[in-house]
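A.B. asks: What follows is each chain in one-letter form.
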Amino acid sequence: MLDGVFKTADSEDGGTLLPLDMMSLLKTLFPLPRSLTGDGVRATLQALKKHIPLDIHEVATGTKVFDWDVPREWNIRGATIKTLDGRVLVDFADSNLHVVGYSVPVRGTFTREQLAAHIHTLPDQPDAIPYRTSYYAENWGFCLPHSLWQTMQDEAYEVEIDSELADGALTYGEFLIPGETEQEILISVHICHPSLANDNLSGITVATALVRHFLAQPKPRFGIRFLFLPATIGAITWLAQNEDHLDRIVHGLVLTCIGDDGPFHYKKTVNGAVVDLATEHVLRHSGHAFETLEFSPYGYDERQYGSPGIALPVGCLMRAIHGTFPEYHTSLDNCDFVTSEALGQSFRLLVDLIDLLQRNVTYRRVDGRGEPQLGRRGLYRAIAGQKEAGGASQMDLLWILNQCDGNRSLLDIAERAKAPFSRIRAAAELCLNAELITEVRP
Amino acid sequence: MLDGVFKTADSEDGGTLLPLDMMSLLKTLFPLPRSLTGDGVRATLQALKKHIPLDIHEVATGTKVFDWDVPREWNIRGATIKTLDGRVLVDFADSNLHVVGYSVPVRGTFTREQLAAHIHTLPDQPDAIPYRTSYYAENWGFCLPHSLWQTMQDEAYEVEIDSELADGALTYGEFLIPGETEQEILISVHICHPSLANDNLSGITVATALVRHFLAQPKPRFGIRFLFLPATIGAITWLAQNEDHLDRIVHGLVLTCIGDDGPFHYKKTVNGAVVDLATEHVLRHSGHAFETLEFSPYGYDERQYGSPGIALPVGCLMRAIHGTFPEYHTSLDNCDFVTSEALGQSFRLLVDLIDLLQRNVTYRRVDGRGEPQLGRRGLYRAIAGQKEAGGASQMDLLWILNQCDGNRSLLDIAERAKAPFSRIRAAAELCLNAELITEVRP
Amino acid sequence: MLDGVFKTADSEDGGTLLPLDMMSLLKTLFPLPRSLTGDGVRATLQALKKHIPLDIHEVATGTKVFDWDVPREWNIRGATIKTLDGRVLVDFADSNLHVVGYSVPVRGTFTREQLAAHIHTLPDQPDAIPYRTSYYAENWGFCLPHSLWQTMQDEAYEVEIDSELADGALTYGEFLIPGETEQEILISVHICHPSLANDNLSGITVATALVRHFLAQPKPRFGIRFLFLPATIGAITWLAQNEDHLDRIVHGLVLTCIGDDGPFHYKKTVNGAVVDLATEHVLRHSGHAFETLEFSPYGYDERQYGSPGIALPVGCLMRAIHGTFPEYHTSLDNCDFVTSEALGQSFRLLVDLIDLLQRNVTYRRVDGRGEPQLGRRGLYRAIAGQKEAGGASQMDLLWILNQCDGNRSLLDIAERAKAPFSRIRAAAELCLNAELITEVRP
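Residue numbers (our numbering), protein chains in the order written: chain A, -13 to 428; chain B, -13 to 428; chain C, -13 to 428.
Fair warning: there could be bad hints in the mix.
[Claimed, not checked] Within a straight-line C-alpha distance of at most 20 Å, the following computed SDA-like cross-link-like pairs (lysine to any residue) qualify: (1) B:404 to C:279; (2) B:68 to B:121; (3) C:404 to A:75; (4) A:404 to B:281; (5) A:50 to C:279.
[Claimed, not checked] Short, incomplete list of chain A residues facing chain B, as computed with Cβ under 8 Å: (6) 93; (7) 94; (8) 226; (9) 345; (10) 348; (11) 384.
[Claimed, not checked] Label pairs and their computed distance ranges (CB to CB): (12) B:426 to A:278: 42 to 50 Å; (13) B:393 to C:229: 48 to 56 Å; (14) A:48 to C:398: 32 to 40 Å; (15) C:231 to A:404: 28 to 36 Å; (16) C:90 to B:249: 55 to 63 Å; (17) B:327 to C:100: 54 to 62 Å; (18) C:33 to B:393: 40 to 48 Å; (19) B:426 to C:77: 36 to 44 Å; (20) B:17 to A:380: 44 to 52 Å; (21) C:272 to A:136: 47 to 55 Å.
Note that these hints are calculated values from the structure, not bench results.
Since this is a predicted model, take the numbers as computed values, not measurements.
Just so you know, even glycine gets a beta-carbon here, dropped at the ideal spot from N, CA and C.
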């Protein structure tokens, strides 16, 4: 527990760390006009700051970050398509998906044909608004339901996008729960999508809930660093600005699309890592359906964390897989697509996973040759009293006593014993209390 | 052949090394009142000494052995439950399973209710006597058929256990057939079970037959060390007393429950070892049904040999798996449960396996680049004359000539060639005689 | 392109390097009386020299090559079996399979019974002439159709083999297409079989076509060394004479029986090598049926290249597997058994494979941390313009940018991406041109 760090007067809950109502937060964030940069991102981070402490970084346009330059900042005040007699047909105020992200300002009368080149619809999902951006090519456009576009048969329309693309900053949020060591677990979510709930308000709200949860726990072994970043350029910016300390990251996860009620998907790290084994272990023992995916260089920021010269051990946890579900990048990815129960499952799974990573210690038998005599240490009794779920069994104790050779971690032993980590951990606690094992520090 | 080592006047067979009648030995040993310590163990080792040489060690009560102390010695002269009018209902003389091992002395009249707390039966196997011990908690008890206990409805009974739990010694037997090198193969059996035939008189008699067999053979490459020990504390005692020389053990096997006619089961060593590959090879080519089991820390003394800081390459060969067959630890594990044929199969398999381990040499081609010319060395003829089983084929010879690179052992080559070791070994002999290969010593 | 190396006046095609008509070459070579040594081999190599440059080596009888001595040279002018009244029943002029290879000279009248000991037929294939040799035991014999032998019921026959077994030389052909480095790819074919088309005129003609193809290409990274050798003794001779430079061979293939229209078979190198992975990759993406075979020490010269002390990374590519097809080592393995289409497929597959081995470079991202910005380099457009087969896709580019860490070769990346090498190579070219990656030399 970090005293004084987060008991501020403006906390919605008065400075206590009650469990976060994730669904309520998600709905609050939903209408904010997020993009790669700009005031929508700032408003989002300020909204999070009511629940968790957060360092907000502003990185100036043009700053060199690895191979990239921080782009100009985009802001938008409004946008409409009107009939020539002034009837509003499309209004950014109704949905921030209506305007192609990073659209340059435009105002004027366009023939339907001229306008058509700037209209994006989904003929196969005629009632859905698509989500489109044009970050790196100057352009403008509107996204609207195909059904609406089909009704728009006037010769010409009045078009206005009241936006601004100008030097400014890229904004991201960061918070570190300090650990006993300099090593860190990284949790990274992207914050650049506007009104899309699963992709990625689900990741943002679950990460926020994790910050609150772990702030209320005793100081962990590894620090836990949370990043709330615009995708790609945000991760690259953070990597470039923290290049000297990247070796502190010993485990990491990108969270995306974890609010739907489908099975979990875990995409492995680029070179294999303990977090892969740990996540599979937790998923396997969670009772939830899941599938493990091989690493590929297409996806979210695990690409950046796993690029050559970086190659951090960062996997990606999702439920629905981006690009493959019908609601993806459309107005159908709304607050109804995400469920409170699914957010809760994802949150609890991540708590278990982070706990496992924190507690995955390597032990060595103290003067350990042959099995120790358990009877005179009262360990039989201790075990008998622990038969409830999560407690160690006699067999778990034998695994610990046999396998703690100073090389195998508790997770390695749990996998070999085909037992949940929690039980093996409980057996290790008993042995630790009996001074039969001792921690081995790398 | 060890001249003079074992041609003593008191040998039952007059000092020759005729094959042992294992079934007869097993029946001789069956009634002896073995326990963790005491005169039943001594009588057992003396009975073996009529067939094989044996060093009998006595380790005093209280001796510190790793984490343990050698326990007090237990002896029992008799035990009965009588009706108050003197009728004997349960008598240790009928079965040494009737008394819980390490029962403290008791004598007196007990109500049925008082007695019931000390009675062990098997309601699901009402005619079987269970086997129970209480080594490390002072207690006493009787084991009897559930059917008998149900007929015992008197108000009270006369109970007597004429036992003694006192400072003394732990007794174990050991014999080394010396080899040409200091390295050793370990064969370990437990001797602490009273009248149970498969678990583990089968192991004891087969180990005894192996001693006789290998004593009659030329001096082997590796010494073969045989241990006849009380389980757990015996192995820990031996390990503690031989700690400085454990690196001599290059292969090892615990033998248990190998007298029933079920399929073989081989439980692998804790960290993987050549003996795992060798045992699977011999089993696969034996024609017997078998299954390989992963290591687990529950079982017999492979646990101790495989504990951290020890980690010897010792697997466990069994047929029925302890704890899983209905006769296990009951009076049904008697001389009828074990068959002479099964003991013979186990013996022959172990002879083959130990021979393989002894002969699993690594060779290198002498000036070997390209295939040698076989014709001028008469090797074609040699092969033609060897087509009987066990002899080398043309193909085996090619495997030897191609694969003897100074790194691969004959077993490695046999596995790659998918040929039985005996054939690959025969091909190696031909090449050795033709001076085409030479032994590589580590 | 090697200017001046192979534009000689006596080239059939006047010194240009038009694609070789492999079937025509094969038919030209078919009747030549090849054996382990002798003028048939010389005539074969001279015939090849009309199409490709070739160094022809003569190694004197008795030369010590590793464990072997170069054998005496065998030449044959003719051989017949006649009836006593002079009617020719069997004539070497009709088929050079009629005489057992290395038959000593013989002339005289033999009873049918005497002759029978020297007659080889195939009762199960009564119209086929078998192929037999007796290289290392002095003997003589005739091979004829079983149906013919059954009609030969005279009491005696006139027999003549006009051969000569005398000191001379072993002859082989060799040609190196030089590369930019000293490292080489080895292509080896055996040339000791007389009128057998698939085994191995197919290998000889495809190898010849490969020489012509690669001579017409720009200088490759690795040299390509072609060997046309008598089997076993030829390979051993070449290895013995080039022992000091064997480490130049970084990849190698023995070609045999690659002219039939069956599925491809690739037999792996003795210790595993990149050529195994490369060949499987090319076969998998070729659309041809294929199977991969484990290394075994029975076969062609991959045995010699893979023998202890040599252990070169040389696999064997075949279609029909020697020893397993009905036409094998009989007169049925004739020019009809081989098809022009199959030769062409084998040729093109080998071109792809050798190209892959040449181009399987390892790259490193230049200052590569995080993904580079593709847009400003016009790489999106470049990709869009490359959607035809063989061109790189957006995904291939991401794989290259993510995986080029200085350790993984393009083949490793192609395998991980499950993409054909050509596409991954195309993506690498784009990145190389954009100076995003740089070659890593070992």
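A.B. asks: Does the structure break any of the earlier hints, and which numbers would those be?
C.D. replies: 2, 3, 5, 6, 7, 8, 9, 10, 13, 15, 19, 20
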